[in-house]
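As given, the protein sequences belong to chains A and B, one line each in that order.
Residues in the first sequence are numbered from 1 upward in steps of one, following full-length UniProt numbering.
Residues in the second sequence are numbered from 1 upward in steps of one, following full-length UniProt numbering.
Some clues are possibly wrong.
Any copy will do: because identical chains look the same in the list, a pair fits if it lies in one copy or spans two.
As the list claims (entries may be wrong) - Here are the simulated SDA-like pairs of lysine to any residue, each with C-alpha atoms no more than 25 angstroms apart in a straight line: (1) K127 to L213; (2) K127 to A210; (3) K394 to S111; (4) K127 to G203; (5) K394 to R427; (6) K127 to T230.
Keep in mind that the hints were calculated from the coordinates and are not lab data.
2 protein chains.
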Amino acid sequence: MSVRAGIVVTGTEVLNGIIRDSNGPWLSERLREIGVDASHIVVVGDRPEDLLAALRFLAAESVALIVTSGGLGPTADDLTGEVVARFQERPLELDEALFGRIAEILRPLLSRWPDLDREAVLRSNRKQALVPAGATVLEPVGTAPGLVVPPAAGDGAGPTVLVLPGPPRELQPMWRAALETGAFQAAVVGAGTFEWRIMRLFGIPESEIAETLLVAERDGLALDPLEITTCLRRGEIEIATRYAPTDAAAYAAFEAYVARRHGPLLFSTDGATIDAQVASLLLGEAGAGGVGDAAGARPARTVATAESCTGGLLAGRLTDRAGSSAYVLGGLVVYSNAAKVALAGVSSELLERVGAVSSEVAEALADGAIARLGSDVGVGITGVAGPGGGTPEKPVGLVWVSVALRDGPRLTRRLSLPGNRADIRDRTTTVALHMLRRLLIEADAPPPGEAAPGAGSDAA
Amino acid sequence: MSVRAGIVVTGTEVLNGIIRDSNGPWLSERLREIGVDASHIVVVGDRPEDLLAALRFLAAESVALIVTSGGLGPTADDLTGEVVARFQERPLELDEALFGRIAEILRPLLSRWPDLDREAVLRSNRKQALVPAGATVLEPVGTAPGLVVPPAAGDGAGPTVLVLPGPPRELQPMWRAALETGAFQAAVVGAGTFEWRIMRLFGIPESEIAETLLVAERDGLALDPLEITTCLRRGEIEIATRYAPTDAAAYAAFEAYVARRHGPLLFSTDGATIDAQVASLLLGEAGAGGVGDAAGARPARTVATAESCTGGLLAGRLTDRAGSSAYVLGGLVVYSNAAKVALAGVSSELLERVGAVSSEVAEALADGAIARLGSDVGVGITGVAGPGGGTPEKPVGLVWVSVALRDGPRLTRRLSLPGNRADIRDRTTTVALHMLRRLLIEADAPPPGEAAPGAGSDAA
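All chains should be modelled from the sequences, with the hints used to inform the complete structure.
In structure tokens, the structure reads:
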């Protein structure tokens with residue numbers, strides 16, 4: 001039996017469906033990476049008895065570790081620390097030094113709001129410095145510290161509880177800090193170490209991957225030692241595989257099988273996302289494009305966008321990455337037809353003749369982005385995101401995307417996307433990134449008949 | 001004590017964070033509508049012992065009802081019906097008529113795939129017609145029927161279990177069918193109906209609301225009948241309150257207290273988000289701005305953006321809403337300085353003199369958006385989103401936002417935002433929307449000394 005853990009997500013808003021929880025799934029994935037299986041994820045409201053009941057339930061299921069998220073704020077309904085102390089039978093003690101550090105964190109906040117009652121704020125934040133006796137404190141990322149609280153009777157006598165704050169931007173770094181603590185490591189002793197690899201494919205349905213797994217076994221591949229999970233995420237297929245280090249050969253054979261069967265649809269074997277690949281390609285990094293990218297050193301290039309139905313989401317996605325100012329010059333959000341003419345230089349005659357949602361206008365937008373921003377690469381997007389505005393000829397979900405190199409080749413594609421407005425807009429940005437990747441890889445590919453630079457061929 | 005229910009979501013992929021569950025929150029909201037409180041949502045994998053443990057845990061918590069989702073398919077790992085039968089101590093019996101109806105549903109499917117082994121398919125679907133003795137069958141929406149399974153010893157002797165399929169498009173209509181059954185109604189007898197109201201505030205920390213609740217009680221407000229939860233969401237405070245209809249006066253007093261204490265920081269008392277309020281204000285709807293908006297009919301206005309550090313996220317957020325083409329003309333993503341000059345008409349001399357991150361450039365961007373897109377309102381954003389690029393004078397988190405009416409008043413604000421790159425970018429869009437709201441409300445406010453239109457004053 002492997003080491004198991006339970007996850008408790010607290011918060012009445014989460015329980016009531018007002019806030020969508022992302023911590024439970026995130027923690028479950030992280031646990032799996034360190035060889036620990038989640039037994040249950042339990043969502044509870046801000047009622048102490050319900051939280052205590054959840055902790056006792058998981059303890060009865062013999063988990064070695066319970067991870068809680070949320071309930072560490074300064075308000076009265078934030079009571080996770082208190083309940084966990086009770087559960088582990090460890091009295092709460094004020095950690096004066098910690099309280100001082102929290103006050104220090106609050107200082108800039110308090111100076112920003114001069115009208116606040118400084119004493120009242122510190123009073124409510126004081127409870128964040130109450131620590132169960134014998135617990136390990138994880139330094140605050142926001143104002144709330146986390147805790148690793150061992151069982152009353154010591155290691156192995158019941159689950160250790162890792163107490164983390166609710167906001168993902170606090171929880172995620174604190175999880176990584178928790179991994180380093182002795183108290184955490186003592187709790188998960190015996191968890192195996194596993195390798196964890198991710199392949200990404202774009203352009204096939206998930207059922208096709210189910211078929212691949214069936215056929216691979218029929219072809220004699222040893223998939224048993226591999227724990228393979230597949231999922232569809234933002235329009236891409238992710239194949240995540242966990243295996244013992246001794247089964248590396250089985251994984252290598254599986255990866256080679258997928259590469260053979262799906263060819264260019266497999267775009268990443270090192271887990272790199274399409275966002276990361278496009279960024280590396282624009283920066284001119286060698287081998288940036290992942291699978292199928294034969295280029296060595298390549299020129300760095302700048303990019304600009306002209307978006308209609310995505311309304312700035314592609315520019316927003318490109319600039320999500322730190323350092324993107326090195327290759328993103330900017331973009332045009334041309335939601336109205338007037339803006340397409342005035343900003344992107346699309347001709348009114350063309351709009352009149354073929355309509356805003358057309359290959360011609362997508363190409364004119366890509367060219368307009370290059371011309372107006374002086375970039376090396378341009379992306380033009382125009383489509384019907386719905387829910388209104390569809391016609392029989394141009395239904396909701398019809399989107400044209402064009403990516404072009406200045407004075408160079410271009411790719412233009414007609415998409416028919418399923419889903420609601422948000423799905424259509426998001427999926428369009430994913431497709432645009434894949435088209436950008438292909439354009440950039442092909443632009444830098446060695447001419448046919450020539451070996452890839454660095455491939456060591458002497459036949460060129 | 002109100003009537004309580006537990007929710008069990010089954011599926012290894014959900015537990016492992018690969019598939020995002022939407023059924024738990026959806027069921028929780030539906031339960032609340034009928035006056036039933038969810039006590040816990042438990043996610044379990046496809047292991048029968050873990051599912052049984054979850055059912056027993058919830059029964060021990062004295063819930064009147066357990067709703068399960070998933071595990072009703074034809075494959076071997078679908079075992080919810082079987083486990084629930086065991087839990088309620090009711091033997092499974094083949095419902096021949098139901099099996100016939102399932103075969104009928106499968107007929108068109110089988111004829112579309114002539115290669116399928118008809119017998120094999122029916123064999124695996126046969127288990128879907130196995131019904132615990134005494135259970136009420138809910139007709140299939142897909143191929144899986146749902147079940148309402150009373151406790152072994154009859155009504156009230158333990159929880160009734162409502163068994164629903166996993167796909168939301170099957171689960172949701174089947175939930176509505178379940179509400180009509182006598183077995184379901186018997187389980188939730190005594191559930192009350194509740195009111196549910198949301199207030200939103202912007203510009204104060206969550207600890208300040210904790211203080212408000214304390215002070216309100218000290219001032220003699222009856223908060224006991226109100227179930228109040230507060231949370232911080234995208235930089236805004238949300239106060240969600242549930243109460244019995246007979247306690248409406250207590251809620252009204254609480255709302256008035258919050259309005260008095262926090263004044264203009266309380267921007268919504270009807271749950272409307274800042275996104276919805278800005279959309280309504282731009283559309284010219286009366287009373288669109290929520291609390292403090294005295295205007296009646298107002299002019300409709302168009303908006304355009306010029307964004308540097310947010311890189312299109314504000315335009316993306318404005319166009320998230322269906323129908324936004326009525327008021328969003330477009331935007332400029334001016335990530336590079338060259339783009340600020342070429343696209344938004346910011347002077348190079350100004351950039352040289354005060355730097356890109358400055359009030360002057362934010363204002364020039366707002367004006368440039370208005371000028372280039374011909375809009376009534378412009379938003380300019382420039383800042384340091386990090387992680388690099390900060391200096392002692394202009395640290396990471398420093399952002400300037402300016403909102404302006406064409407030839408009219410403007411608001412310009414310096415922000416010092418905490419958090420990482422994504423937080424800073426997201427928070428900036430929230431602040432920009434609040435500034436837009438304020439500008440639009442003030443633009444349409446009746447001149448001082450004049451009563452608001454429709455206020456019925458005869459003194460004007």
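Hint-by-hint comparison with the structure:
{"no.": "1", "hint": "K127 to L213", "verdict": "between (52 angstroms within a copy, 17 angstroms between copies)"}
{"no.": "2", "hint": "K127 to A210", "verdict": "between (51 angstroms within a copy, 12 angstroms between copies)"}
{"no.": "3", "hint": "K394 to S111", "verdict": "between (55 angstroms within a copy, 18 angstroms between copies)"}
{"no.": "4", "hint": "K127 to G203", "verdict": "between (51 angstroms within a copy, 23 angstroms between copies)"}
{"no.": "5", "hint": "K394 to R427", "verdict": "within (18 angstroms within a copy, 36 angstroms between copies)"}
{"no.": "6", "hint": "K127 to T230", "verdict": "between (43 angstroms within a copy, 17 angstroms between copies)"}
No hint from the list above goes unmet by this structure.
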